[in-house]
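Chains as they are written, first to last, in our numbering: chain A, 1 to 141; chain B, 1001 to 1141; chain C, 2001 to 2141; chain D, 3001 to 3141.
None of these hints come from the bench; they were simulated from the model.
Derived BS3-like pairs (lysine-lysine); straight-line CA-CA distance at most 27 Å:
1. B:K1089 <-> A:K107
2. D:K3089 <-> C:K2071
3. B:K1089 <-> A:K71
4. D:K3089 <-> C:K2107
5. D:K3107 <-> D:K3071
6. B:K1071 <-> B:K1107
7. B:K1107 <-> A:K89
8. C:K2089 <-> D:K3071
9. B:K1071 <-> A:K89
10. D:K3107 <-> C:K2089
11. A:K107 <-> A:K71
12. C:K2107 <-> C:K2071
Negatives, chain D to chain A, calculated, CB over 10 Å:
13. V3008
14. D3045
15. A3061
16. E3064
17. K3071
18. T3104
19. E3110
20. E3121
21. P3128
22. E3130
Every residue gets a Cβ at the ideal spot worked out from N, C-alpha and C, and that includes glycine.
What follows is each chain in one-letter form.
There are 4 protein chains.
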Amino acid sequence: MLPTDRYVSETTFHVRYAETDAMRIVHHSSYIVYFEEGRSAYTRDRGQDYANFERNGLFLAVTEVNARYIKPATYGQRLTICTWIENVKSRGIEFAYLIVDADTREKHVEGRTRHVCVDREGRVRHIPDEWRVWAVDHKSQ
Amino acid sequence: MLPTDRYVSETTFHVRYAETDAMRIVHHSSYIVYFEEGRSAYTRDRGQDYANFERNGLFLAVTEVNARYIKPATYGQRLTICTWIENVKSRGIEFAYLIVDADTREKHVEGRTRHVCVDREGRVRHIPDEWRVWAVDHKSQ
Amino acid sequence: MLPTDRYVSETTFHVRYAETDAMRIVHHSSYIVYFEEGRSAYTRDRGQDYANFERNGLFLAVTEVNARYIKPATYGQRLTICTWIENVKSRGIEFAYLIVDADTREKHVEGRTRHVCVDREGRVRHIPDEWRVWAVDHKSQ
Amino acid sequence: MLPTDRYVSETTFHVRYAETDAMRIVHHSSYIVYFEEGRSAYTRDRGQDYANFERNGLFLAVTEVNARYIKPATYGQRLTICTWIENVKSRGIEFAYLIVDADTREKHVEGRTRHVCVDREGRVRHIPDEWRVWAVDHKSQ
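Assemble the whole structure, with the sequences as input and the hints as a guide.
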């Protein structure tokens, strides 16, 4: 399921109570936030965090989100989000995610997000070279 | 863009400050919550609200979410979410959404969600007949 | 309960599913967002919305939040938030809120928030005169 | 600032992008969620997590929240939330929190929450004895 030809970042956290809903499971929009935190963790792992990326005046605007919900998660559960770069082009990048139980590795949610790189004025810009290298470079920094 | 052969519910609201992020636009996960509120409004329009549906022991579990982000929205903006049933089968239902500026009707986000009908124990159940009627019935109640 | 010597803004909305938690009630942090939407509605009622306030380079930073939870609310319920200015000084302002059921007017939550006026650089600034007038002016615009 | 006569739990996390707002800082309602996660971490540290507490049919309903915002936090920042039991009575409990920068220990937010213990039917129940012991027991388990 996870790609073996590229770097996969993993980060683990507890489900917060506020992230659940009246079905007593994690609300489906919370996983979209987990995806984003997966991207943040990915950039931290790579030694170039996204906060710094923004300080340089570049932003990754989300253009598409897709999520498939396989098994509900519940409050207090430890989840691991696995994040990798699925594809990178001159002006766009696609991340993919797999969210599993941290202990059993059972699958909960999988998804993808697409992004374009924009500057402060909203103009589309080239994805920095380091992100392209990340996509194909198997090793962490 | 909107289907003309079925009922389309419309509901309008102001973007809340908490729904924005540090890019000064509506956070992409907020639209997933708007989709859900679109479904709620749809069922209210149809005279059978989702709260009542749950009181009868049935739930529409989300199995898939897809969203395409066309233009960012900002705090205070009035958005209209248009919601319709795209497809309904014996055990599954698909809603589609279009979020537009309430005044200019400019497109911001479009998306789809898929659901299965489950009972309190999580067993898959048949979609109630009225939902199937809704899908093809053009008129509001 | 509501003050009779000043303007009270009222706005009504449905509880969203995402705002509930695994106790099957509205999550306590959601009411803090409702307070904020109460402030937004207040400024819209007054004919000078907060979005415009920010476009002029001023922000009301939150310095304190207090909330008292009296009765849980649930998904789909129609709530009314009543908002008024409790107090205004040269550099600070205090809003107060009462959240009630839109139909029965039963009390759910009451609270207060304190704010200072800051500019883009975070410097404390004087509260604009119109806000001081609002505090004591009983009539809507 | 932190009490020295009782157990203080500390947990550290990165600010998520979704938790920020258009002022480019952490939205004030996000800290209320951090408080809750502080309580969760406290119970995990104590060897009796809150998820288990709920499985036994008891819930800590929030009756009051107070927060004082001292310094804004930003996306990506590592925050530490310190949580302790301020007070415990037969049917009520009060938690207190201090949120600091994980590296500099600079103060960002402090607050308190009050709770009553209820069962599934919403009836007020006695706080379990272990929680009373925790309040005065200085050592972790």
